[in-house]
Amino acid sequence: SQQGEEDPQALSIQEGENATMNCSYKTSINNLQWYRQNSGRGLVHLILIRSNEREKHSGRLRVTLDTSKKSSSLLITASRAADTASYFCATDLIQGAQKLVFGQGTRLTINP
Amino acid sequence: DVKVTQSSRYLVKRTGEKVFLECVQDMDHENMFWYRQDPGLGLRLIYFSYDVKMKEKGDIPEGYSVSREKKERFSLILESASTNQTSMYLCASSPYRQGAYGYTFGSGTRLTVV
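Those protein sequences? They're chains A and B, same order as listed. Mind the numbering: the first sequence is residues 1 to 112 in the working numbering, read in order. Mind the numbering: the second sequence is residues 113 to 226 in the working numbering, read in order.
Note that these hints are calculated values from the structure, not bench results. Keep in mind that a hint or two might mislead.
[As the list claims (entries may be wrong)] Each computed DSSO-like pair below joins lysine-lysine, with the alpha-carbon atoms no more than 27 Å apart:
#, chain 1, residue 1, chain 2, residue 2
1, B, K167, A, K99
2, A, K56, B, K182
3, B, K182, B, K165
Bound conformation, chain A alone:
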């Protein structure tokens, strides 16, 4: 099974609403990262949160990390049509040979 699993698999909201996506993982991590992928393109790095951090902000993005529950959430506030994309979490495992393991992603659709 996947190390990082996003929930929900798909999310559709109205423009201006907030979008929340969750990621769960199984083993201890050095850090957790979130990426965005527009349709048919490469992934773009959004934000990185280290295992000793609990919350991080970047513009309209807010990421939380709960290592006791092995979970993270990505909140996008005041969503825009341009936020329509797939969002992936990726974990840098402590015993993972220094490579990222990606989840299957959440497909976010922002309706005008």
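Given the structure of chain A, go ahead and fit chain B onto it with the hints provided.
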């Protein structure tokens, strides 16, 4: 400004052909990675490299090989293409070995094997 360049956006090859996918980065990154992305399976790591002339197998290396003769270039080779290698291939790079930085991805190559 493009940082990681994959040589082709779309590629169609025949079964049994030897296929080369090229990736070049201009950020002087030590680490480079090849992933494939398939619906319902997410991104799966094929091979990665921490330095010139070194390579390590990822989760699904079978049917693939790689070459890193120069720091900026990491090539993925399909020795004998098969239809089950039809996929989106993504190259990425990152600085340092500790994995404490985000990856920079190329735009991807959508390969179809017929």
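To see whether the hints hold, each was checked on the structure:
1. B:K167 x A:K99: holds, 13 Å
2. A:K56 x B:K182: Given pair K56 (chain A), K182 (chain B) is violated - Cα atoms ~36 Å apart, limit 27 Å.
3. B:K182 x B:K165: holds, 8 Å
The structure fails to meet hint 2 from the earlier list, while all remaining hints are met.
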